[in-house]
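> Residue strings, one per chain:
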Amino acid sequence: MNNAVELNQVTKRFGKHVAVDELDLVVPVGTVYGFIGPNGSGKTTTLRMILRIFHPDSGRVRVLGEDRMSSADDRVSYLPEERGLYKKMKVRDILCFYGQLKGLRNCRGEVDAWLERLELTAWADKRVETLSKGMSQKVQFIATVISQPELVVLDEPFSGLDPVNMEALKDAVLSLREKGSTVIFSTHDMDVAERMCDTIFMIFRGKKVLDGTLNSIQDQYGNDTIRIRMERVNGALERIPGVMRVNSYGPYKELRMTPGADPQMILHQLIDMGPVEHFEMARPSLHDIFVRIAGPESLEVEEAIHA
Amino acid sequence: MRKALVIARREYTAMVGSKAFLVSIAIMPVLMLGGAIAPQLLSDRVDTNEKRITVLDESGALFDSLKQAVDARNEHGTHDAESNKRIAPEYRLGSGPSGPVTDELRLDLSDQVRKGELYAFIEIPADVLQPPADQQPTVMTFYAENTALSEEKRWFDDVLTNMVQTRRLQAAGIDPGVVNQSKAVALQGRGLFERTADGGVKKSQSREEVFSILLPLGFMMFMFMIIMMAAQPMLESVLEEKTNRIAEVLLGSATPLQIMTGKLLGNVAGSLTVAAIYLTGAYGLARYNNALDMIPLDILPWFIVYQVLAVLMFSSLFMSIGAAVNQLKEAQSLLLPIWILIVLPLFVWLNIVREPTGSFATWFSMIPPFIPMLMCLRMSATSAIPVWQPILGLVLTLAATGLCVFAASRVFRIGMLTQGRAPKLSELLRWAISG
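Protein chains in written order, with this note's numbering: chain A, 122 to 428; chain B, 17 to 451.
A few of these clues could be false.
Distance condition first, Cα-Cα at most 20 Å in a straight line; then the derived EDC-like pairs of lysine to aspartate or glutamate [said to hold, decoys possible]:
| no. | chain 1 | residue 1 | chain 2 | residue 2 |
| --- | --- | --- | --- | --- |
| 1 | A | Lys-254 | B | Glu-256 |
| 2 | A | Lys-374 | A | Glu-398 |
| 3 | A | Lys-209 | A | Glu-250 |
| 4 | B | Lys-67 | B | Glu-98 |
| 5 | B | Lys-67 | B | Asp-174 |
| 6 | B | Lys-35 | A | Glu-250 |
| 7 | B | Lys-83 | B | Asp-174 |
| 8 | A | Lys-211 | B | Glu-252 |
| 9 | A | Lys-211 | B | Glu-168 |
| 10 | A | Lys-209 | B | Glu-252 |
| 11 | A | Lys-209 | A | Asp-178 |
| 12 | A | Lys-137 | B | Glu-443 |
| 13 | B | Lys-169 | B | Asp-87 |
| 14 | A | Lys-209 | B | Asp-174 |
| 15 | B | Lys-131 | B | Asp-119 |
| 16 | B | Lys-131 | B | Asp-63 |
| 17 | A | Lys-300 | A | Asp-195 |
| 18 | A | Lys-208 | B | Glu-252 |
| 19 | B | Lys-219 | B | Asp-314 |
| 20 | B | Lys-35 | A | Asp-246 |
| 21 | A | Lys-254 | A | Glu-202 |
| 22 | A | Lys-208 | A | Glu-250 |
| 23 | A | Lys-254 | A | Glu-271 |
| 24 | A | Lys-254 | A | Asp-310 |
| 25 | A | Lys-208 | B | Glu-256 |
| 26 | B | Lys-131 | B | Glu-168 |
Simulated from the structure, these hints should not be mistaken for lab results. Predicted, not measured: the structure shown is a model, and the values here were computed from it.
From just these sequences and the hints, can you work out the full model?
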């Protein structure tokens, strides 16, 4: 078995709405796979089909080498977005409960080790409802991985975390891969996706628009981005010939060139408009690619879908 | 099955280990019995303000005696003997204008009552002492704002009828004392004799009439209470799992059938705990009062079996509704039909206790949702129920429970993953039927 997940021409409809449209996807064993896409684009539906909570209307879903239809699978574990915990239960009890449900016999030692690792030992006997958002997110993460599943599906695992907790959880996810688990997670944080994922997958309006390593995706979009830093600009950057779009982040700005434009010509124009402190030819960031596909002027959807 | 047991254990702990459970264990009997006890506790909270009453005595023969009786009552019956605290109002009797009673007079007095100047007025017809020829009672009238629950009307009724009867007897030359003596006879209700285990004869109990009604009612209310305490938490627990997305995590570990089985097992175990707590309490209470032989221990096994089935049946329905909706609010309208099924036995219990072996009682107690409560009601009301009836009832309940659990599992499976608008009752039925 080389692939943890194989989706083959999978379609899922809710009434007349096509949530996922003829989707193909292959997630190799032992990889960290990032799902990105705007809200309502079919991410969670796809995750749920991988979990076999939803069954596709057509196409084939194969998980860990099996075609079965039941969602009950001890080798697969799922972290739903933000929730998934009984509020009145104590932290250790709920972790043991989820562990036992997945077939873990002696949960106590395993639970305590994880609590210590994520600095939650002091909260072991507290009720879930007393935890902060970051803490309950960590508890939920432990609940998901406690049984050492082969495939871990995480829906927005990093949302609402402070940088310290975020690092702790990121390390935990990466350690899962080292132990041989396959991790699929969805995120709205492009930075996280860029840094953590072996492969990035983007779904938009139910269709696959990106699928590959960050490098291969960026190659696909070429070297058409210029990053600059200018405190003062006299005139409109959009008017410069060869500049198609401007994203402004204060003094930092990202210019997107029209195909075939000459960066040197643009630099000359910029110097005429004010002092240029920084000028860099760059590949577009994942964030930029996301916005190009899903933003209001999503010119490249058709292109991406047919790519 | 192991997974179902893991879920059952959690469900049981969540139900029994909560503060709400302990509170409801304590409060439920108060709620159930409070309705019966509260009026008695509050009975000395009466209005002790003086009450003015006008008597229109057309016969002219009763007013003086009535006044004497009222004075005697005011003297001795309105104050507590020890504390000398006033416990009942004094009556101030006035005589109305002489002459025939006209509607104008009645209207005038009515207005006085409305203004609060009078409490009531009493009209005594001229021929009140004549025994009526046609056996129709002579009617005296007590006019007041509300006579149905009036303590005053009751008192005057007693005193006046007694007075008229005595006068009539005296007029006929009969000694009223003899009549009173002749009335001193009674028919008492008793239970049946039984053969004891050692071959002796066990005498019948002198059952109090009230007790023979209260015991069956108690049994039925007990079961009603347990159903309520078990079914409602089931709805809330499923709703929590659904809205907090716990359902998806559970479904990733166990099949819908395992989840539902586990939850129902935990719920039934919880309801048995409730029953055990109360039964132990009742046993202790009966023992303390030397009333152990009043408790019909022989129907207890039936009660337990029926209780388990009733909890399974109603909890599974509550559960499927919890799975179908997104908020407690949405559940209310869907719960209504089920509540009616649970509550209906409470409306017919008196008819059934009166004639527990009658055809109405027999057939009504064979309708599946009512069987557990009504069969226990009948069995504790009389021992004359043929044994085939509770057995047939059991079979029918088993079948209905199986059907409910099966239908609920379908609704549960679909409902758990359905977000958005709550389904209508018709849609629920479609889910249940077509799966």
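> Take the hints in turn and mark each one as holding or not.
Status of the hints after comparison with the structure:
1. Note on A:Lys-254 and B:Glu-256: the hinted pairing holds, with a Cα-Cα distance of about 18 Å set against a maximum of 20 Å.
2. Of the supplied pair hints, the one linking A:Lys-374 and A:Glu-398 holds, its CA atoms being roughly 12 Å apart against a limit of 20 Å.
3. With a C-alpha separation of about 6 Å, the suggested pairing of A:Lys-209 with A:Glu-250 holds against the 20 Å cut-off.
4. The straight-line distance between the Cα atoms of B:Lys-67 and B:Glu-98 is roughly 24 Å, outside the 20 Å bound, and the hint therefore fails.
5. Restraint check: the Cα-Cα separation between B:Lys-67 and B:Asp-174 comes to about 18 Å, which is no more than 20 Å; the hinted pair holds.
6. Taking the CA atoms of B:Lys-35 and A:Glu-250, the gap is about 15 Å. The hint holds against a cut of 20 Å.
7. Under the criterion of a C-alpha separation no larger than 20 Å, the hint pairing B:Lys-83 with B:Asp-174 is consistent with the structure, at around 14 Å.
8. Among the hinted pairs, A:Lys-211 with B:Glu-252 is consistent with the structure: their alpha-carbon atoms are about 19 Å apart, no more than 20 Å.
9. Under the criterion of a C-alpha separation no larger than 20 Å, the hint pairing A:Lys-211 with B:Glu-168 is inconsistent with the structure, at around 62 Å.
10. As the CA atoms of A:Lys-209 and B:Glu-252 are separated by approximately 13 Å, the hinted pair is consistent with the 20 Å bound.
11. With a CA separation close to 38 Å, the supplied pair A:Lys-209 and A:Asp-178 exceeds the 20 Å bound.
12. About 19 Å separates the Cα atoms of A:Lys-137 and B:Glu-443, which keeps this hinted pair within 20 Å; it holds.
13. With a C-alpha separation of about 17 Å, the suggested pair B:Lys-169 and B:Asp-87 falls inside the 20 Å cut-off, and the hint holds.
14. Note on A:Lys-209 and B:Asp-174: the hinted pairing is violated, with a Cα-Cα distance of about 61 Å set against a maximum of 20 Å.
15. Restraint check: the Cα-Cα separation between B:Lys-131 and B:Asp-119 comes to about 18 Å, which is no more than 20 Å; the hinted pair holds.
16. Of the pairs offered as hints, the one joining B:Lys-131 and B:Asp-63 holds, with about 18 Å between alpha carbons and a cut-off of 20 Å not exceeded.
17. In summary, the hint linking A:Lys-300 to A:Asp-195 is supported, as the alpha carbons are separated by about 17 Å, within the 20 Å threshold.
18. About 13 Å separates the Cα atoms of A:Lys-208 and B:Glu-252, which keeps this hinted pair within 20 Å; it holds.
19. Restraint check for B:Lys-219 and B:Asp-314: satisfied, since their Cα atoms lie roughly 17 Å apart, inside the 20 Å limit.
20. Under the criterion of a C-alpha separation no larger than 20 Å, the hint pairing B:Lys-35 with A:Asp-246 is consistent with the structure, at around 17 Å.
21. A threshold of 20 Å between alpha carbons decides the hint, and for A:Lys-254 with A:Glu-202 the separation of about 12 Å falls inside it, so the pair holds.
22. With a CA separation close to 5 Å, the supplied pair A:Lys-208 and A:Glu-250 stays within the 20 Å bound.
23. With a C-alpha separation of about 27 Å, the suggested pairing of A:Lys-254 with A:Glu-271 is violated against the 20 Å cut-off.
24. Between the alpha carbons of A:Lys-254 and A:Asp-310 the distance comes to roughly 18 Å, so the proposed pair stays at or under 20 Å and holds.
25. For the suggested pair A:Lys-208 and B:Glu-256, the alpha carbons sit about 9 Å apart, so the restraint of at most 20 Å is met.
26. The suggested pairing of B:Lys-131 with B:Glu-168 holds, with an alpha-carbon distance near 19 Å, which does not exceed 20 Å.
Hints 4, 9, 11, 14, 23, counting from the list given before, are not met by this structure.
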